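K.L.:
What follows is each chain in one-letter form.
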Amino acid sequence: MRKVNIFVSEENVLDITIALGRLGVLHLDEAEVDEGWQSSAGGYWSEQADRYASLERRLRNALDTLGISREGVEVPDQLVPKEDARMIEEKVRDVEEDLDEWQERKRAAKRTRERLELVVEESRLLSPLEISMEALQELDHLHLAIGTIPKEDLTGLQMAIFRIPFVIIPIFERKDRALIFAATTKDNAAILDLALKSAFFEPLELPEGVSGSPDEVLADLEKRLQEVEKQLAHLEEERQQMAEERGDRLLEWWRRSQGDARVTDLIGRFGRHGETYLIVGWVPEQDLDGLIKTVSEVTEGEADIEILEPRPSPQRPVPTLLQNPPFLQPFERIVSTFGFPEYDEIDPTLPLALTFVLMYGMMFGDVGHGLLLFLVGAWFSRREGVLTSLAPLMLAAGASGTLFGFLYGSLFGREDILPHIWLSPIESILPILTVSIAGGAALLSLGFILHLISAWQSQEWGSFFFSDDGLAGFVLYLSLLGGGVALVQGVTFPLAAWALLLLTMAVLILLQEPLSRLVTGRRPILESGWGTDLVQSFFELFETVISYFTNSLSFVRLGAFAIAHAGLSQVILILSEGSGVLLRWLIILVGALVIVGFEGLIVGIQTLRLEYYEFFGKFYRGGGLAFEPFRLLPREEA
Amino acid sequence: MLGVLDVPRYAAVNARVRGRIGRLLPPARWRILLNASDSGEFLQYLSGTAYRPVLAAMVMERPDLGEIERRLWQHLAQAYRAPLPFMPGGSKDLLAWLWRRFEVNNLKTILRGVKGGAPPAQIRRTLVPLGSDSELPWKTLTDLASVPVVVERLEGSFYGSALEPGLERYRREELLFPLEIRLDLAYFRQLLRFVEALRGRDRKEAQRFTGVMVDSQNVSWAFRYRIYDDFSPEEILNYTLRKGVRADASVIRQIAAGASVLPTLQNVWGESLPGLRRLVGLPDKQALLEMERIFDRYFYNEATETLKGYSLHLGIVLAYVALQETEVKDLVSVLEGIAANWSPDRIHAYRIAG
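Protein sequence lines correspond, in order, to chains W and H.
Going by our numbering, the first residue of the first sequence is number 1092, and it counts up by one from there.
Going by our numbering, the first residue of the second sequence is number 1297, and it counts up by one from there.
Okay, chain W solo, but in the shape it has when bound (with noise of 0.2 Å):
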């Protein structure tokens, strides 16, 4: 990865980030630079991004409003940032009045109908009583509310009130809202009125106009009703007009706009200084020849390149672009589900995938069971959805179950068909659970080597010398593990040297962070006092140690779950056993169904366990930044 910093003109600013996004292979940064300049160009740049931003909005609001799809429209093959506002502008401000003023005219015949409706009801229910609507409001001993609250809060509203005699009738429901006719005592009004407030009530009145007995409310409402049905009907025949007649020029401009948008945003993140931009940076060493000639031709010759190495820092990372070779890459989302490596860290995903493939196939070693998974994958990588992108996963994790299927002699359970070219892990459960754990030891201890390989590169001293993970680390555990083994073995060695080395490795451990900063340089060398470091650092200690230990033995699993598997493939073998010839095939294809879809899935948590928690905790932090180059469309759309 090189970081460049181009130097380029106002005039050709533009041309050059029109060009750069249609490039693709600039991950931009923000400039750092020197007195004089400003960071970002901001100003006019930022202004005319909001401005087509909000325009792409408007105009997406307007074709949204007017029912015109926008898929498949083409970018314009010339976008003119300085002038494209206005034009489009103008004209969108015509097109929204148009559309504000026909909105509004909607909204208004809805709201009337949607009244005139609700009192229509009201009318209808009052008809058989002869008095006149407003009467009803005066009752002697009645208080007597009618009006609509929201549907879903009437339920809530009757056992709100407990505290009072009251009667609440709904008539009618329309959309979300319920016509009711709420009436309890006069004594008692304050108390329902407060109720219904908080209910969002609101009180239906008759429209102005309007008056008389029921009957008479209800023609003249009818009458009322049709006039509103017309309008609304007249509204849609003219939005269907002005979507034939504005809709190519508004779909049009809307990508112009969006076009633009992103253009200036871009711009206006350049360093700036006067009339010269600066447009800072990171693109892959194999990209390098193609931008600067890119640069050249776009500038003619007129733009100064500068090319850095990198140099991360943590407020200032340098973007990573993984380049593993494509069967390595569905490992690269198990990596990156993690974290993403920082530029200045191993990538861990050969080793990953080379363990994970590893570890997968012990656990699950069926020359079968191996197969089937191998050919589920083949059959997602075929399909579209949501598990294509495991099907590499499947295929590889199938094809080492396989593998190690042979090696156990082991076909859908049964051992008695092809010979064992290593061991029988039901048959050799001490010897398969050793090799496990000293397949663990063999893995963490990789883990503690790409520990130092990468604090070296990082020139973390305290953290290579002095850290559980580091040197110390590494040392202390391979002797606890050495003398582990040989107490096991029975084999005799110098117990003084050995006690000597892991007291002087723990004590280093203890000290870690003041031995760090003692080598760093850095000061203070203690923080908070040698008695509250001293026992933080002990407790640490402890805890270190017994992660040598349980990290070492939850390898076990992978001896476990391979003796597991064995035993449940017998199991299923068992069931089918004494059944007719149709019954025990059904048996042993459901079993085998199930043991590749539940077990084979259980192994893969596992492994992932075992690779997240074992093995990256050595050493890998996942902090990148992932390299993304800036295009000239979105990044879904380019």
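Simulated from the structure, these hints should not be mistaken for laboratory data.
Watch out, some of these pointers could steer you wrong.
[What the hints assert, rightly or not] Derived pair list, reagent style EDC-like, types lysine to aspartate or glutamate, alpha-carbon separation capped at 20 Å: (1) W:K1288 <-> H:E1531; (2) W:K1266 <-> H:E1464; (3) W:K1201 <-> W:E1264; (4) H:K1404 <-> H:E1431; (5) W:K1197 <-> H:E1460; (6) W:K1197 <-> H:E1451.
Only a predicted model underlies this, so the values are computations on that prediction, with no experimental measurement involved.
With chain W's structure known, arrange chain H on it following the hints.
P.N.:
Just chain H now, with coordinates in the frame of chain W:
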């Protein structure tokens, strides 16, 4: 009951969640953060962690506290989205809806800003950045001139439908309360619907986390309306959820009728809540403040317990987001403690996970 196709999905979710749990701040980092001398140093230390992407754009020397806090909430919002692509149907809906809480809070901020006449740019600075995950036109909303126009602009969306019934009251009273409570009630009702739609273990787990969250919010509202707003029992019942997981209308009615905090919590949750004894003898106002910490601690404990067990269910995801939320709340406490020049020990005492 877990569907067969849900198993691989939960396996993928589990892998992703476990990976993200590994990126939570370790004790050593907390010690460093607690000892930061000022917010700049705090930010510097935090930038070396999983929070770096959200903090990257900030000024390190003299950072604005509010801005840091909003970035931390942004990190939390992203944590809610992270497991979504792999999750099965109902659980996915629930998690996506839990994430929408950030949209609800942003909308309330906009309503308050617009009503108070704050400049659009100032309102925008106070929103939690939700990026392209949110489909709401935040800039347009902050540019609008009045509260009714904001509500009308939301027409057709869930929020528009939730707010619309409160609009007439807003016009009459010019108070945001009717709108805000409509928004909250609609949000939590929908959340409960998503919980109810789940089956088997997923439903139990959702009730254990989300159900308790909704109930505690409902109980808290009821106490606040009675203690601080002096609302009538009918109003308290109407402004709360009538159906929760454990705290239903009968519990709210008891609160409205004068029940105290401690017996109410004991009645609803028994002894499953940690630290209830702290409430003994406290007046209701103080007990109400303490209640929030009790629930924070409950979620933290439940989350850590859940992660020790069986993995293929929604509980793992809810436990992860609960831990992430605890971490963000603790970071906010630490940040505010540092700003107030408190000692590390004093700040530490306010940590939920401390």
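K.L.:
What hints, given by number in increasing order, does this structure fail?
P.N.:
none
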